[in-house]
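Novice: Sequences listed follow chains A and B, in order. All you need for our numbering is the position in the first sequence, starting with 1, plus 41. All you need for our numbering is the position in the second sequence, starting with 1, plus 371.
There may be inaccurate statements among the hints.
No more than 30 Å apart at the CA atoms, straight line, and that leaves these computed lysine-lysine pairs for DSSO-like [said to hold, decoys possible]:
#1 K60/A to K386/B
#2 K82/A to K50/A
#3 K112/A to K469/B
#4 K82/A to K108/A
#5 K386/B to K82/A
#6 K63/A to K77/A
#7 K85/A to K50/A
#8 K413/B to K63/A
#9 K469/B to K81/A
#10 K63/A to K469/B
#11 K386/B to K112/A
#12 K428/B to K93/A
#13 K63/A to K108/A
#14 K50/A to K442/B
#15 K386/B to K93/A
#16 K85/A to K469/B
#17 K386/B to K63/A
#18 K50/A to K60/A
These are calculated hints, taken from the structure and not from any lab test. Bear in mind that the values here come from a model prediction, so they are computed numbers and not experimental data.
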Amino acid sequence: DTAVSQTPKYLVTQMGNDKSIKCEQNLGHDTMYWYKQDSKKFLKIMFSYNNKELIINETVPNRFSPKSPDKAHLNLHINSLELGDSAVYFCASSRGSGETLEQYFGPGTRLTVT
Amino acid sequence: QQQVKQSPQSLIVQKGGISIINCAYENTAFDYFPWYQQFPGKGPALLIAIRPDVSEKKEGRFTISFNKSAKQFSLHIMDSQPGDSATYFCAADTGFQKLVFGTGTRLLVSP
Numbered sequence: 042d043t044a045v046s047q048t049p050k051y052l053v054t055q056m057g058n059d060k061s062i063k064c065e066q067n068l069g070h071d072t073m074y075w076y077k078q079d080s081k082k083f084l085k086i087m088f089s090y091n092n093k094e095l096i097i098n099e100t101v102p103n104r105f106s107p108k109s110p111d112k113a114h115l116n117l118h119i120n121s122l123e124l125g126d127s128a129v130y131f132c133a134s135s136r137g138s139g140e141t142l143e144q145y146f147g148p149g150t151r152l153t154v155t
Numbered sequence: 372q373q374q375v376k377q378s379p380q381s382l383i384v385q386k387g388g389i390s391i392i393n394c395a396y397e398n399t400a401f402d403y404f405p406w407y408q409q410f411p412g413k414g415p416a417l418l419i420a421i422r423p424d425v426s427e428k429k430e431g432r433f434t435i436s437f438n439k440s441a442k443q444f445s446l447h448i449m450d451s452q453p454g455d456s457a458t459y460f461c462a463a464d465t466g467f468q469k470l471v472f473g474t475g476t477r478l479l480v481s482p
C-alpha cells in the first residue's frame with residue numbers, strides 16, 4: 042500500500058502549457074504539502090493545506106494554484122509553464138497536530154519544461 | 372532566522388567508516404529536528420529525529436547529537452555501508468506546521 046502517491050511520475054511539456062499534478066495520501070493525515078526540489082537538490086516548501094484549508098503559501102508565482110478537494114487529496118495546477126519550473130515536485134503529508142512534525146513524502150513528479 | 376545550515380555538501384567515506392553531517396540553526400523556537408534520507412529517484416524519508424530536551428538519540432547505526440547551547444546538531448552514521456549512499460537532509464520544525472530543510476549532503480560510501 043502506497044502511503045503518499047503522486048501522478049504522473051514524469052511530465053514533459055512545452056513552455057506556455059498548463060499542467061496538473063495529483064497527490065493522494067491514505068495515512069489519514071490532516072495536513073498535506075507541496076515541495077519543489079531544484080537541480081541542486083534544495084527542498085523548498087510551496088504550499089500546505091490542513092483539512093482543505095490553505096495554511097502555508099510561500100512566495101510562489103500565482104501561476105501555481107493548489108487545490109484540496111478533501112483532506113486526502115492535494116493537487117497542484119501550474120499555468121503558463123516556464124523553463125524555470127523544471128524541477129521535481131514532492132507531495133507530503135503529516136498529522137495535523139501532535140508533538141512532532143513527521144512528514145511522509147511521495148515519490149515525486151519530475152517536471153521538464155522545454 | 373528561518374534557515375538551517377548544513378555541511379558538508381558532499382562526503383565520501385570508506386565502508387565501515389563513520390559519516391558525520393553537521394547542521395546549525397539560529398532560531399531558538401525550533402523544537403524538533405528530523406533527518407531525512409533520499410535515494411535517487413525517490414522522495415525523502417524520515418530517518419531519525421530529536422527534540423532539544425535530549426542531547427543524543429540513537430537508532431541502530433544512526434545517531435543524532437544535539438548541542439542546544441551551540442544551536443548545532445549532527446548525524447553520525449556508524450559502520451557506514453554502500454547502501455547508505457544517499458542524500459541526507461537535516462530539518463527543523465518552525466512551529467508553524469512547517470519544516471525548513473538544510474541544503475543536503477550527498478554521501479557516497481565506497482566499497
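Novice: Run the distance test for K60/A versus K386/B: straight-line Cα separation, threshold 30 Å.
Specialist: violated, 44 Å
Novice: Just to be careful, I want the Cα atoms of K82/A and K50/A compared with a cutoff of 30 Å; is the pair within it?
Specialist: Since the Cα atoms of K82/A and K50/A sit roughly 17 Å apart, the hinted pair holds (cutoff 30 Å).
Novice: When you check the alpha-carbon spacing of K428/B and K93/A, does it fall within 30 Å?
Specialist: Not satisfied, since the Cα-Cα distance of roughly 35 Å exceeds 30 Å.
Novice: Tell me if the straight-line CA distance from K413/B to K63/A falls inside 30 Å.
Specialist: holds, 17 Å
Novice: When you check the alpha-carbon spacing of K386/B and K63/A, does it fall within 30 Å?
Specialist: violated, 40 Å
Novice: For K85/A and K469/B, compute the direct alpha-carbon distance and say whether it is at most 30 Å.
Specialist: Satisfied, since the Cα-Cα distance of roughly 11 Å is no more than 30 Å.
Novice: Please verify whether K63/A and K108/A have alpha carbons no more than 30 Å apart.
Specialist: The hint holds at about 10 Å.
Novice: For the pair supplied as a hint, K50/A and K60/A, confirm whether the alpha-carbon distance does not exceed 30 Å.
Specialist: Holds, at about 13 Å.
Novice: Between K469/B and K81/A, is the straight-line Cα distance small enough, at 30 Å or below?
Specialist: Since the Cα atoms of K469/B and K81/A sit roughly 21 Å apart, the hinted pair holds (cutoff 30 Å).
Novice: Does the alpha-carbon distance linking K63/A and K77/A stay inside the 30 Å limit?
Specialist: This hinted pair holds, its Cα atoms lying about 14 Å apart.
Novice: Next pair to validate is K112/A with K469/B; report whether the Cα-Cα distance is within 30 Å.
Specialist: holds, 17 Å
Novice: Within a Cα-Cα threshold of 30 Å, do K386/B and K112/A meet the stated pairing?
Specialist: With Cα atoms ~44 Å apart, K386/B and K112/A exceed 30 Å; violated.
Against the hints set out earlier in the document, violations occur for numbers 1, 11, 12, 14, 15 and 17.
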